[in-house]
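> Each chain, written out:
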Amino acid sequence: MRFLNRSAGRLSRYRRSRVAGLLVMLFGLLLTGGLFAAFSPATAESQANDADQVAAGRQLFLVGCSFCHGRNGQGQLTNDGKQQFGPSLVGVGPAAVDFQVGTGRMPATQPGQQIPPKKVVYSQDEIDALAAYVSSLGPGPAVPAEGDYSSAGLSDAEKEAAVSRGGQIFLTNCTACHNFGGNGGAMPEGKIAYNLTKTTPKHIYEAMLTGPGQMDVFSNGNLSPDEKRDVILYLQSLRETPEYGGLSLGGLGPVTEGLAAWLVGIGGLVGFAVWIAAHTTRSSKEKVDA
Amino acid sequence: MSDNHDNLPVSTTDGSVDQMPDPGLPAHTWRPTDVDEKAERRAERQVAAMFGLSMVCTVLFVVSYFAFKIGDDPTVVAGFGASNVFLGLSLGFALLLIGVGIIQLARKLMADHEIVEMRHPARSSDEDRAETLAALDQGVSESGIGRRPLVRNMMLGAVGLVGVPLVVGLRDLGPLPGDKLYHTIWEPGMRIVKDVVGTPIHVSDMVIGDLLNAEPEALFPTEENGYPELDGVDLQVQKAKGPVILHRMAPSENKPGPGRDNWAIDGIVCYSKICTHVGCPISLNEQTTHHLLCPCHQSTFDLSDAGRVIFGPANRSLPQLPLAVDGEGYLVAQSDFTEPVGPSFWERG
Numbered sequence: 007m008r009f010l011n012r013s014a015g016r017l018s019r020y021r022r023s024r025v026a027g028l029l030v031m032l033f034g035l036l037l038t039g040g041l042f043a044a045f046s047p048a049t050a051e052s053q054a055n056d057a058d059q060v061a062a063g064r065q066l067f068l069v070g071c072s073f074c075h076g077r078n079g080q081g082q083l084t085n086d087g088k089q090q091f092g093p094s095l096v097g098v099g100p101a102a103v104d105f106q107v108g109t110g111r112m113p114a115t116q117p118g119q120q121i122p123p124k125k126v127v128y129s130q131d132e133i134d135a136l137a138a139y140v141s142s143l144g145p146g147p148a149v150p151a152e153g154d155y156s157s158a159g160l161s162d163a164e165k166e167a168a169v170s171r172g173g174q175i176f177l178t179n180c181t182a183c184h185n186f187g188g189n190g191g192a193m194p195e196g197k198i199a200y201n202l203t204k205t206t207p208k209h210i211y212e213a214m215l216t217g218p219g220q221m222d223v224f225s226n227g228n229l230s231p232d233e234k235r236d237v238i239l240y241l242q243s244l245r246e247t248p249e250y251g252g253l254s255l256g257g258l259g260p261v262t263e264g265l266a267a268w269l270v271g272i273g274g275l276v277g278f279a280v281w282i283a284a285h286t287t288r289s290s291k292e293k294v295d296a
Numbered sequence: 002m003s004d005n006h007d008n009l010p011v012s013t014t015d016g017s018v019d020q021m022p023d024p025g026l027p028a029h030t031w032r033p034t035d036v037d038e039k040a041e042r043r044a045e046r047q048v049a050a051m052f053g054l055s056m057v058c059t060v061l062f063v064v065s066y067f068a069f070k071i072g073d074d075p076t077v078v079a080g081f082g083a084s085n086v087f088l089g090l091s092l093g094f095a096l097l098l099i100g101v102g103i104i105q106l107a108r109k110l111m112a113d114h115e116i117v118e119m120r121h122p123a124r125s126s127d128e129d130r131a132e133t134l135a136a137l138d139q140g141v142s143e144s145g146i147g148r149r150p151l152v153r154n155m156m157l158g159a160v161g162l163v164g165v166p167l168v169v170g171l172r173d174l175g176p177l178p179g180d181k182l183y184h185t186i187w188e189p190g191m192r193i194v195k196d197v198v199g200t201p202i203h204v205s206d207m208v209i210g211d212l213l214n215a216e217p218e219a220l221f222p223t224e225e226n227g228y229p230e231l232d233g234v235d236l237q238v239q240k241a242k243g244p245v246i247l248h249r250m251a252p253s254e255n256k257p258g259p260g261r262d263n264w265a266i267d268g269i270v271c272y273s274k275i276c277t278h279v280g281c282p283i284s285l286n287e288q289t290t291h292h293l294l295c296p297c298h299q300s301t302f303d304l305s306d307a308g309r310v311i312f313g314p315a316n317r318s319l320p321q322l323p324l325a326v327d328g329e330g331y332l333v334a335q336s337d338f339t340e341p342v343g344p345s346f347w348e349r350g
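Line by line, the protein sequences are chains A and B.
Residue numbers are given in the working numbering: position 279 of the first sequence equals residue 285, and the series is strictly consecutive.
Residue numbers are given in the working numbering: position 139 of the second sequence equals residue 140, and the series is strictly consecutive.
Computed from the model, here is a short list of chain A residues facing chain B with C-beta under 7 Å:
#1 Asn179
#2 Asp222
#3 Arg288
Negatives, chain B to chain A, calculated, CB over 10 Å:
#4 Arg46
#5 Gly140
#6 Leu157
Facing chain B, according to a computed beta carbon distance under 7 Å, are these residues of chain A, among others:
#7 Asn228
#8 Tyr250
#9 Ser289
#10 Lys291
No lab work stands behind these hints, which were simulated from the structure alone.
Given the structure is predicted, the values throughout are model-derived calculations rather than measurements.
Note that CB positions come from ideal geometry on N, CA and C, so glycine has one too.
Bound conformation, chain B alone (with noise of 0.2 Å):
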């Protein structure tokens, strides 16, 4: 044997196969269930006792469901709204309880003999396996496809046709967007207003380090200013894309970016407050650097450098909003954004 390094079975000196005897299962070892009666009844009350504690529960749940006040005043049980917590914990414990009884059950009582079940073949039988094929083939002649190479290609054809209408179908997800992204609700000389509560801002009301969270007047329509009502639709795009914010710095550290000399009011710049990236509202600003970062990506802006990207995905410097002053020295748009605001788009490029 020991000269033997073919790895293969040793022969025998009668021809056959020397094989390893089939070893068969080890003896069954009992559990203490099976052999001591006080333990099986045991756990048998265990068992019962997890499923009684379960119904226990259940009905708790709907006790607690009926008992506890929600809405506007609710029931408050050391600082936590009673409804919710008592709900979760009962049935939590209800199906907690099942659970733990069934393995409790399959474990302690359920028979457990190991038993054997042979592996057959997965191959059909020759007989299945001709007879198969033999339908198929002439099922194939008997249609005449192979024969008739002009029905075999129309019906192809027709058959693929039938695809179109679902793909010409997709047109009716929405109306094209025409060249809606690229303006927004801002046009020349609308007062820039304070969001939620709508005033407009005067030009000594910012301080140097102020950041004011600002929207186009018109989303603040009143019989004064002359705005019409949006609703729906319009009122979502338009407060979607028109949101502006305002910063204050000193404007010798403000350096405005080619041809914007004169967007900047005494330090005071504005920029949109959608990221380039994919259109979060950003206003976490950091007062003495003006980097202005977006809490989805991390894509941050320089305010004081013309909205230029410092760091994260965002691929285009933030759009910024041309300010000027009117007559009553309230801050107003020169016009609006000189490019689509918002992250990028397939006709962008």
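One chain only, chain A, in its complex shape (with noise of 0.2 Å):
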């Protein structure tokens, strides 16, 4: 700040005649294109902030996805022609960029089977230019709003109404791949369905709506919103309710169930009739009135 004040004197101090009335003016048109920002009409300004943010959204494009997904988010197939290098990106929508990479699945490291998600890399403001550059290939799905998934505004008896609905929703849509718990599951060759416990509810819905990976997709006109809806409270109520049964081991059934009955428990007990017979109760003296 020092420094800063210090050259903004030396400035003053010797080129006072030339530079200020420059300053002078730009600080002006700065001033009143601010203002006229601020207090121009609605519609205007968002049109003006909607180019700017698919420009914006471009230039990240650019560097960011276009190695894999071409140029124009057209897609790119490898070089015997025969397998999908970047998918086109031609009407997946804002809702697909804001999963992918609100996730961190996008951009990929590598590509592969499946892309894991990982650190998020962008801040939300470079997620929304992304897919307003993405949307503006061709119109897909949208981001939902906080209001599409949250219970707000449904009364006691309506919330437990849509919970039991959306368990029932869940049971019948999601549970092949996900678990009855939405803790995920083995898919064929290598690839899993991942874990719902921590997913935030607009990544859920993000994900029923386009379908990322093999997810199949569960379209507005396959599962209605408010269906969306019931199955995200009903994923929220599972994180809330407490563990009845003690240790739930991560929820995937027989597999950790059967390990730690094997392990701890068969193992326990082996060890302890190992312990037993190892140490020995004899001692080295003479009974002296036997």
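Dock chain one against chain two, each of which comes alone in its own frame, and use the hints as you go.
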């Protein structure tokens, strides 16, 4: 700060006559521009912002995404033309971008069967800009609003009914891959269906809308927005449910429970038996009065 | 001795065999508790303490049985259901401490002198054997079985025939299936509805990549659709055979089977949800490959290729339901399945 002040001071001391006028004009322009932006009608602002956002998103896209998805998001095939290197993004919509980038799946570090989630590298503003750009390629599902998946505005009885209906829908549509408690599971050829116990409601909603990776799409015609909300409320209710039966061991069923029984249970008994037999109770002393 | 290679006991000069002398038992080694009175009293206290702690745990079991609430609003301690955890821990330790106490008692305090009990021969004495055989012979000759073959054969026949009613009784295990296994509740024009909610499915409801778990409309009877209300065994049977999955892919990806050119609607295909291996419900689908996997035994079906089996123990393709669209644009069945759904059975070969 002191450095800035000092350089500003030096400017004003030696070049006041030449630069001061320019600076004043620049300040005036910024002020009027800022005031106009602040007080102009909202539509004009959002349109201008949309165009800016798309342009900003395009810049980010060209740097971070175009290597696999192509410079215009048209997708790319591998050299032999048989496999997809990066799929086309035309029509995938902002929801898909928000999910893939917002969970850290994209940008991918390497191509593969399944792109794992990792640390998110873009800020939410940058994700929104990317989503705006991809959305400009072709219309697709929009990012859900918070009201779409929250229980706000539902009475207790309505919420309970929603959770119970969500449970039935989850058990019918999702359990096959994600396990009855949303703990995830194994898929063919080394792929997995992810654990849903920590996924944010927005990302669960977006995953249903867009069907990321091998997951099927559950469009609004398939599961209505209310039904999607019910599924999310059910998953949230599972998170709040205490472990009535003791340790859940990941909720993965016989795999972890069997492992615990064999290693901890039977292993403990074997260890106990070995310990008993390994410690002699004999003494080297002779009994005196025997 | 060095030239003796026949591995037999060496004969001594007087003709008797040189036997290995009986080494007898090793000298008994005492335990600290046998020789040291202090150690003995300590072991005694330890065993008593184990049993005492076990009693405390049993009392805790009874206390937690009454103290913790169960049911809709259970007591929760550190995120666990308190009742289950404390009942399990207290009873477990009560039993464990009894066991540990008994082991400590046996190892430290019970008398542990080695004793020898000589083995006696398993063979009965000659008098007993002769007596038994004589009694048997007498019984056989007095019954006259050997002299009267007619009586003997008729008796064997009668006893053998008594087994037949048992076999015939097996028929009462249930009604014969008849041709029930060949049909399901689907019929021409029946709407396909969403599972759980029972609403009909418009063609435009499904986008490419959608997977929809669906049921026959007859399982969701209303006054409007006029299907009869099913209950009990009938409902369970139809619920077990009727479920289907709908999947929409790009029409160019679908490769219809022979004679099935008009079974799909704009890339929407409909297959039975019941695996043809042992009948698990399957909806574990991969969107991009259209491979449907059964979680029970990993049978994999290709939905873009007439439900062909591409992996696993299933032997038959997944039955496909021919689709049509009714006047309002909703998906309906052209007919019932053209083959039995679910696992193979005896008559199908």
